[in-house]
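Given these sequences and hints, build the entire structure.
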Amino acid sequence: MAGKPKLHYTKGRGKMESIRWLLAAAGVEFEEEFVEAKEDLEKLRKDGALLFQQVPMVEIDGMKMVQTRAILSYIAGKHNLYGKDLRERALIDMYVEGTTDLMGMIMALPFQPPEAKEKNFALIIERATTRYFPVYEKVLKDHGQQFLVGNQFSWADVHLLEAILMAEECKPDILSPFPQLQAFKGRISNIPTIKKFLQPGSQRKPPADDKFIAQVKKIFNI
Amino acid sequence: MSGKPKLTYFNGRGCMESIRWLLAAAGVEFEEEFLETREQYQKLIKGGALLFDQVPLVEIDGMKIVQTRAILCYIAAKYNFYGKDLRERALIDMYVEGTADLMGMIITFAFTPPKERNLALIIERATTRYFPVYEKVLKQHGQEFLVGNRFSWADVQLLEAILMVEEKEPTVLSKFPVLQAFKARISNIPTIKKFLQPGSQRKPPPDDQYVATVIEVFKKD
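Chains A and B, in that order, give the protein sequences.
Read in order, the letters of the first sequence correspond to residues 1 to 222 in UniProt numbering.
Read in order, the letters of the second sequence correspond to residues 1 to 221 in UniProt numbering.
Heads up, a few of these hints could be off.
To be verified - Listed next, the in silico DMTMM-like pairs over lysine to aspartate or glutamate satisfying Cα-Cα at most 25 angstroms (straight line):
1) A/K217 / B/E135
2) A/K4 / B/E88
3) B/K64 / A/D85
4) A/K171 / A/D210
5) A/K6 / B/E88
6) B/K43 / B/E31
7) A/K138 / B/D53
8) B/K64 / A/D142
9) A/K141 / B/E31
Said to hold, decoys possible - Distance ranges between label pairs, derived from CB positions:
10) B/K46 / A/N190: 25 to 31 angstroms
11) B/P114 / A/E118: 27 to 33 angstroms
12) B/K46 / A/G144: 21 to 27 angstroms
13) B/P132 / A/E36: 26 to 32 angstroms
14) B/K46 / A/Q112: 27 to 33 angstroms
15) B/I215 / A/N190: 30 to 36 angstroms
16) B/Q197 / A/P172: 56 to 62 angstroms
17) A/E39 / B/N118: 23 to 29 angstroms
18) A/F111 / B/A49: 32 to 38 angstroms
19) B/E124 / A/N151: 44 to 50 angstroms
20) A/P200 / B/R38: 46 to 52 angstroms
21) A/K4 / B/Q180: 38 to 44 angstroms
22) A/E118 / B/Q180: 45 to 51 angstroms
23) B/T171 / A/P200: 52 to 58 angstroms
Simulated from the structure, these hints should not be mistaken for lab results.
Note that the coordinates shown come from a computational prediction; the quantities given were computed from them, not determined experimentally.
Just so it is clear, CB atoms sit at the ideal spot from N, CA and C, and this is done for glycine as well.
This is the structure we're talking about:
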């Protein structure tokens, strides 16, 4: 075993991207094995590598972990990105669940029927600007600290930056009503591990294109 | 403040039921406020009680926690239902995510138009994707509980999932002898036994009135 975590997923963002972000933020090098065809997924299943027959799967510390949240919680806990006590963990959990919901909507968009796309896109923008971003804007404004929780860099900050960038890909000026978030974005992007991940050549994946979407649909029978 | 956690949700299972189960398993008494009208919901939002304008909401230890998983994780950790270290937590997290996915299918079932409902898929997933996993985990280590030889959140949620699926298909455990024994064992734990009795705060399966109330409260103007 190399010692580096090994990620099993398709060669795109999907549910694995938040895991890539968190490992990168923690400065952890990782390997990736890509599921590129149905046969790759079937092989993993046949080998008994996927507890619930699903990816993401991350080989880490002798475990074959599945379920995105379980993996993220483990990485956050292991690398001190999960707050210092139960209360901070509760805040971090709440905040990441919010950004997970928002990013989930954006991820689901390419897989929705064409008739619903325009309506769902509008809903994403509405939710981002009226339900989610105002919350994080207020949290940062109210305590005036650099990070969302406990005056310390945590999983919540990484996830929020990821969500912001994803939302900006949908609508580039989406942060215009949110000065705190603009400053937050600038600040977190400059953290060395994050900065490195944002550079070309990193393991960060691009937004889904038509070719990727077609591949995913084929692999997972969607 | 009474000191007891206070749950705000509809008078039905939905996303709050797993929280009721876990509090009950931990022997924690709790109060409930039921959402019945749109006005109530809007009042909650206006009052700033709902971080993302959503329920479940649990007021506990001076916090207003929202997001089902955040609430469950807090309760599990507070009452020692979350394993003894990171590795046990990882196992518990994986197992509860599995049962949450299965129960999620059943929760949305009530809100799916009858023509589009797929009960067969739920039963298939239960019997080929989820139950075999827990059957194997228990069989392999031969212990009473899923993780670390100790009663945890994972056990509570698995029992909840088993009972939920059995409501849809009573014979669903017929090929899973280890789960049958598990079900009996966990059901007999005093706090669980109490929760399973009539008169507890456990909620019944969703009926048409419940579905109508939820739709009405969340209807966009």
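Taking the hints in turn, this is what the structure says about them:
1. A/K217 / B/E135: Between A/K217 and B/E135 the Cα gap is close to 31 angstroms, so the pair fails against 25 angstroms, i.e. violated.
2. A/K4 / B/E88: It holds: about 21 angstroms lies between the C-alpha atoms, which stays within 25 angstroms.
3. B/K64 / A/D85: 17 angstroms, holds
4. A/K171 / A/D210: This hinted pair holds, its Cα atoms lying about 19 angstroms apart.
5. A/K6 / B/E88: Holds, at about 20 angstroms.
6. B/K43 / B/E31: 19 angstroms, holds
7. A/K138 / B/D53: 15 angstroms, holds
8. B/K64 / A/D142: 17 angstroms, holds
9. A/K141 / B/E31: Violated, because 33 angstroms separates the two Cα atoms, which is more than 25 angstroms.
10. B/K46 / A/N190: 25 to 31 angstroms: Violated - the Cβ-Cβ distance for B/K46 and A/N190, about 38 angstroms, lies outside 25 to 31 angstroms.
11. B/P114 / A/E118: 27 to 33 angstroms: 28 angstroms, holds
12. B/K46 / A/G144: 21 to 27 angstroms: This hint holds: roughly 26 angstroms between Cβ atoms.
13. B/P132 / A/E36: 26 to 32 angstroms: 27 angstroms, holds
14. B/K46 / A/Q112: 27 to 33 angstroms: Holds, at about 32 angstroms.
15. B/I215 / A/N190: 30 to 36 angstroms: Since B/I215 and A/N190 have Cβ atoms about 46 angstroms apart, the given range 30 to 36 angstroms is violated.
16. B/Q197 / A/P172: 56 to 62 angstroms: Between B/Q197 and A/P172, where Cβ atoms are some 57 angstroms apart, the hint holds.
17. A/E39 / B/N118: 23 to 29 angstroms: 27 angstroms, holds
18. A/F111 / B/A49: 32 to 38 angstroms: 34 angstroms, holds
19. B/E124 / A/N151: 44 to 50 angstroms: Once the Cβ atoms are compared, 49 angstroms apart, the range 44 to 50 angstroms for A/N151 and B/E124 holds.
20. A/P200 / B/R38: 46 to 52 angstroms: 49 angstroms, holds
21. A/K4 / B/Q180: 38 to 44 angstroms: 42 angstroms, holds
22. A/E118 / B/Q180: 45 to 51 angstroms: With a Cβ separation near 50 angstroms, A/E118 and B/Q180 satisfy 45 to 51 angstroms, so the hint holds.
23. B/T171 / A/P200: 52 to 58 angstroms: Check passed, 57 angstroms falls within 52 to 58 angstroms.
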